[in-house]
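Taken in order, these protein sequences are the chains called C and E.
Throughout the first sequence, residue numbering follows the working numbering, covering 1 to 101 in sequence.
Throughout the second sequence, residue numbering follows the working numbering, covering 102 to 637 in sequence.
Don't take each hint at face value.
[What the hints assert, rightly or not] The calculated DMTMM-like cross-link candidates involving lysine to aspartate or glutamate, where the alpha carbons are at most 25 Å apart (straight line), are:
(1) E/K494 <-> E/D579
(2) C/K88 <-> E/E450
(3) C/K27 <-> C/D95
(4) C/K27 <-> C/E92
(5) E/K494 <-> E/D483
(6) C/K88 <-> E/D483
(7) E/K486 <-> E/D275
(8) C/K97 <-> E/D483
(9) C/K52 <-> C/E92
(10) E/K562 <-> E/E450
(11) C/K88 <-> E/D314
(12) E/K494 <-> E/E612
(13) E/K397 <-> E/D314
(14) C/K97 <-> C/E6
(15) C/K27 <-> C/E6
(16) C/K97 <-> E/E487
(17) C/K52 <-> E/D314
(18) E/K397 <-> E/E450
(19) C/K97 <-> E/D579
(20) C/K27 <-> C/E37
(21) C/K27 <-> E/D275
[What the hints assert, rightly or not] Footprint (simulated), chain C over chain E, 3 or more residues, beta carbon under 8 Å:
(22) 158-169
(23) 245-257
(24) 334-340
(25) 351-362
No lab work stands behind these hints, which were simulated from the structure alone.
C-beta atoms are modelled at their ideal positions from N, C-alpha and C, and glycine is treated no differently.
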Amino acid sequence: MLTLPEIGLYFSFLMFLVGLAGVMFRKNILFMMLSVEVLLNAANLAFVCASKLTGTIDGQVVMFFVMAVAACEAAIGLALIIALYRTKASIEADDLKALRG
Amino acid sequence: MNEALDTSLNMMFPPAAFYLHAAPILALLVGGLVALMAGVFRGNPDRPNMVSYQIGFISCFPSVIVPLILLSAPGSFGMSVTQPPAWLGSGFLGDQITQFTFLIVGLGTMFTLFMAEISNAGRQLLRPELVCLLMFASAGIMIMASAGEFMAFFTGLELMSVSLYVLVGYQRFDMRGLEAAVKYFLMGATASAIILMGMALIYLNIGSLRWSDLSSLNISLSNPFGVIGLLMFIVGLSFKLGVAPFHTWGPDVYQGAHSTLTGYMSTLVKVGIVMVVLRILGNGFSGAEGGAWLAKVFWVLATLSILVGSVFGLVHNSVKRMLAYSSIANAGYFCLAFATLALSPTSPEARQAVLAYTAIYTILNLGTFAILAWLEDSSREDLLKEELAGLGKRAPFAALCLTVFILGLAGIPPAAGFFGKFMLINSAVSVGLVGLAIVMVVLSCISLFYYLSILVEIWLKPATRSSVNPQDNEDARDVRVLVGIVAAASLVIGVVGPRWVASINTTFARELRSSSGEVKTGQAAPGVNAPVQQDM
Numbered sequence: 001m002l003t004l005p006e007i008g009l010y011f012s013f014l015m016f017l018v019g020l021a022g023v024m025f026r027k028n029i030l031f032m033m034l035s036v037e038v039l040l041n042a043a044n045l046a047f048v049c050a051s052k053l054t055g056t057i058d059g060q061v062v063m064f065f066v067m068a069v070a071a072c073e074a075a076i077g078l079a080l081i082i083a084l085y086r087t088k089a090s091i092e093a094d095d096l097k098a099l100r101g
Numbered sequence: 102m103n104e105a106l107d108t109s110l111n112m113m114f115p116p117a118a119f120y121l122h123a124a125p126i127l128a129l130l131v132g133g134l135v136a137l138m139a140g141v142f143r144g145n146p147d148r149p150n151m152v153s154y155q156i157g158f159i160s161c162f163p164s165v166i167v168p169l170i171l172l173s174a175p176g177s178f179g180m181s182v183t184q185p186p187a188w189l190g191s192g193f194l195g196d197q198i199t200q201f202t203f204l205i206v207g208l209g210t211m212f213t214l215f216m217a218e219i220s221n222a223g224r225q226l227l228r229p230e231l232v233c234l235l236m237f238a239s240a241g242i243m244i245m246a247s248a249g250e251f252m253a254f255f256t257g258l259e260l261m262s263v264s265l266y267v268l269v270g271y272q273r274f275d276m277r278g279l280e281a282a283v284k285y286f287l288m289g290a291t292a293s294a295i296i297l298m299g300m301a302l303i304y305l306n307i308g309s310l311r312w313s314d315l316s317s318l319n320i321s322l323s324n325p326f327g328v329i330g331l332l333m334f335i336v337g338l339s340f341k342l343g344v345a346p347f348h349t350w351g352p353d354v355y356q357g358a359h360s361t362l363t364g365y366m367s368t369l370v371k372v373g374i375v376m377v378v379l380r381i382l383g384n385g386f387s388g389a390e391g392g393a394w395l396a397k398v399f400w401v402l403a404t405l406s407i408l409v410g411s412v413f414g415l416v417h418n419s420v421k422r423m424l425a426y427s428s429i430a431n432a433g434y435f436c437l438a439f440a441t442l443a444l445s446p447t448s449p450e451a452r453q454a455v456l457a458y459t460a461i462y463t464i465l466n467l468g469t470f471a472i473l474a475w476l477e478d479s480s481r482e483d484l485l486k487e488e489l490a491g492l493g494k495r496a497p498f499a500a501l502c503l504t505v506f507i508l509g510l511a512g513i514p515p516a517a518g519f520f521g522k523f524m525l526i527n528s529a530v531s532v533g534l535v536g537l538a539i540v541m542v543v544l545s546c547i548s549l550f551y552y553l554s555i556l557v558e559i560w561l562k563p564a565t566r567s568s569v570n571p572q573d574n575e576d577a578r579d580v581r582v583l584v585g586i587v588a589a590a591s592l593v594i595g596v597v598g599p600r601w602v603a604s605i606n607t608t609f610a611r612e613l614r615s616s617s618g619e620v621k622t623g624q625a626a627p628g629v630n631a632p633v634q635q636d637m
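Bound conformation, chain E alone (with noise of 0.2 Å):
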């Protein structure tokens, strides 16, 4: 009797370490709270507030600390260094793929208000609200990185995407925003639907939510509602990720919302899709010729978003258009790996290769998107790409940062997105993808145009009057500063990205169910440092 107590209230309060590993989760979700609150006793609510921005900054202290100390130093607190632990019934995976996520959800979450802060424009919106739900937008997504079943990530995608409804049409009586935040708030509601609509057949196959059972789910061509289900799923994260048949909201989106808000999107969202997929197809699946049309799939989604990206990227004129291009031909790369994870569901390369690109896309987004905020700030709304024309001469540093970032878009070696790209095609290489290796390349370099078509209006061409023109004041100085940093810090990770990420021990965390008395094998004897070894 004391056995089934025993284990509801371990589900009712889990152990302490818990609360460590959650402990970024829980401090954004209180953050924003007091941040909401902050804006109701002080002040008129519809200024901008000090004070909740620094609450709000704070607050995303812990998910820079708690990760950093959980992934310098594994064996730690009493965990296991091979079979790292879940909670909650699979609710929370405590493994250094969650950490990793925190870290890099925690750093864009401090880099977008901290870019708010110091932008002329971006400080009119600092508003209780958006601080609010910028930390629940970024709670949402942790909680759907770190979730090891259906119901947790429903909620944090939920969570994640109610927020950023409201976070693109934030700016009210800007007419363009407010389309941007109605067409979003359909596809995403759509999507959402089609995700929960995908896991109801696929529970109804296996009946259990649980990522990690979907290793029993039959996904051969005779199993239809196994089949379905899955290409549902699969089909509404693509929505969410920007996939390129399901694209079509992306660059109205993305040259809605403001831009400080655009890079967040454009990245930290991302970020928590892509673990999600990585979870889901990590775990395999069974069924005779498995993997192989699902890898087909991803094949298709890559190609023709690598294709779109690139492509249409060309025609467009809007410096936010073209980069909202340039994030679809991105998450091809994603499907590259998802293609390589489909057929080796194991294997530690494609995994790391997926956080590697991931830490790297986020940055140089970011970046991006912190430069064209920037640049906005002191001319118009809508950037064109004719307007940057002579940037090198008026604005030398803006245009330095913002070569270096859209360099490493381009994947060009000395910046940090070769690094990235090497790794994902190195890793489908080795799974016997070459075909789609080789389109990658071809297509990467068609998309070198219209990247190239940016850095000759910055370096080559003279400016004329509508060109923009950066101020020089106080603020810029701040901005020169960040954006320096974090173009440096590209550079920098592009060398060191790839080795670090290669220690991060990639198991999933798996729950000890003792359903039968027996607890399940894998679990390294405290202290000891047993070699690090994969999941099935």
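This is chain C alone, in the form it adopts within the complex (with noise of 0.2 Å):
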């Protein structure tokens, strides 16, 4: 039988998944950073979880810095895409192509 924790840290295993999968296959860049966003969150609850089967409190410290670090790059990712949208209208991942070898 698995414990709530457990079960916690498993289903933070399938979101990670998810989130790295939509990092890799979405080509919208917005949801790319969504994506990022789901694989921080996955993490956060990695180590919640973590923090109560190891029965030490450092797991949610994180947490909380984790979160303040995720709202700082969800800022910048937005400036930039905006900063993007404004020269080029358009924020698909395929028309990155300036930079080519």
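Two chains, each in its own frame: build the complex with the hints.
Pasting the structure below:
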């Protein structure tokens, strides 16, 4: 019988896979960024569950730090996407081809 | 009751020695904020601002002065020589590796700022935000390199990465810079998430975030969570370092960013990451066949990076892209050192080889990109290989300096790179990685081909109409002096560097935890110059 933290842990693995697939297969940069947020939240969930399973508090502290960091990253990412949209009027990953060898 | 209070007060208000050791970071953070404020109060914020440049430049001084003091007088300020102290619950390690990194990062930041100031195109960049972001990125690298546990490391990593995403896309009306920034952001953020997930699995195994507790992580293959966690951690760091299967962002980002900033990105960032890997591997892991498979992983990464760096570098025409592949190949050499460390974690030779190679690589690459920025200044955006034709006649000094740097990157004896590679391969052979060492030598012979193809363009081809023609003006004189100094330094450090690095105490700092009332052993009596020992 799985306990709740264990279920959470396995769920976080699932979330991580979903997020990773999103980053790799999505073509829209906005959705890729959302997938990165899913990845970060999967890691958060894993940290909290691991904190419960190991009986230490460190993991929950990490979660708060990561939430703050994720907010910073989202702010920077959205700013970059807006700047990109203004100059190019597209946020499709396939349109990013100015840099080729 | 008072003991617990004392401990927590110590955590909140660390002793004065901490502020001395951490002065470089604090100065950079404060300096960055002051430089930003200077832009608010003085003139048009969209114009280059010399005041904030000067503030930024001055705030780099502590990161040069403090390490010089602490490295030259290791026993001063009541510090133990054998067991350097750690503060903030292992969040800051006060050892000599930290100070060594501070010195490199401080000098590199000053160099980047100075290069931006004396070139025409660079000066247009010098708005207050650039100074602020550079200071913060350097502070992030320093926090990362001095961290002894995951939380401080991750904060530093993100401080650095987020600043760099903005710096790459700093010319926000330049399509290529913006594209590079978006690519860098997506790759970097994914890498951070992978590092985080890996650490979550490691934390699940050992219940601690400290690097020093990683030695209790069982990485034998019967413990899948530990193995996968460690692998994800390594994959994430490889992304950030630009190691081969995860290098795809590298050339694009290096090409898209301004050359002055590319030099910064390709060197100092790697210094920080390399120090983190050094600290992680340097504690060793537990488990029967532990280090063996880890060394094989680095074996594969090293071979792939050098192969990709040497072969793909040949097919590109843009000089910046070629140098990007050269830095991928150099990341491969770092992986060689990591393989050595995985096999013998506490070997001082391996640690010293890593330190020496980071210093040498930083100088060579910063110098190369400084010359590129200078040449681009008087021509156009992206320098092609053919445009270097005849540079030896038109600007002999620039050509000579570029030759010194490229020979160094290729690893030809008189230049610095040779000694760095020699130390790396020497330490690899001494732990039995003979096969990998042979592969390295063969592949570096292949990579000679494209390094030499640049030199052939410079010295042997006649100038054509499209070749770059550096202007001879007042700016060029400053650049020439600075680049000349760096070229001379890269020659000198090839001779002095290894010996200097050998004098550095590579013992990791360790927290003195008094949980059961006893202070951990290894603390020398104050004032006693005990022989240097390696920690376990």
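Cross-check of the supplied hints:
1. E/K494 <-> E/D579: holds, 20 Å
2. C/K88 <-> E/E450: Violated, because 52 Å separates the two Cα atoms, which is more than 25 Å.
3. C/K27 <-> C/D95: Roughly 10 Å separates the two Cα atoms, so the pair holds.
4. C/K27 <-> C/E92: Distance of about 6 Å is within 25 Å: holds.
5. E/K494 <-> E/D483: holds, 21 Å
6. C/K88 <-> E/D483: Answer holds: C/K88 to E/D483 is near 21 Å, not above 25 Å.
7. E/K486 <-> E/D275: holds, 22 Å
8. C/K97 <-> E/D483: With Cα atoms ~15 Å apart, C/K97 and E/D483 stay inside 25 Å; holds.
9. C/K52 <-> C/E92: violated, 41 Å
10. E/K562 <-> E/E450: Not OK: E/K562 and E/E450 at ~43 Å, beyond 25 Å, violated.
11. C/K88 <-> E/D314: Violated, at about 49 Å.
12. E/K494 <-> E/E612: violated, 58 Å
13. E/K397 <-> E/D314: holds, 23 Å
14. C/K97 <-> C/E6: Cα-Cα ~44 Å, so violated.
15. C/K27 <-> C/E6: violated, 33 Å
16. C/K97 <-> E/E487: holds, 23 Å
17. C/K52 <-> E/D314: holds, 19 Å
18. E/K397 <-> E/E450: Distance of about 20 Å is within 25 Å: holds.
19. C/K97 <-> E/D579: violated, 37 Å
20. C/K27 <-> C/E37: Holds: C/K27 and C/E37 sit about 16 Å apart, inside 25 Å.
21. C/K27 <-> E/D275: Holds, at about 22 Å.
22. 158-169: Since 0 is below three, the answer is violated.
23. 245-257: holds (count 4)
24. 334-340: violated (count 0)
25. 351-362: Contact hint for the segment 351-362 of chain E vs chain C: holds, 4 residues under 8 Å.
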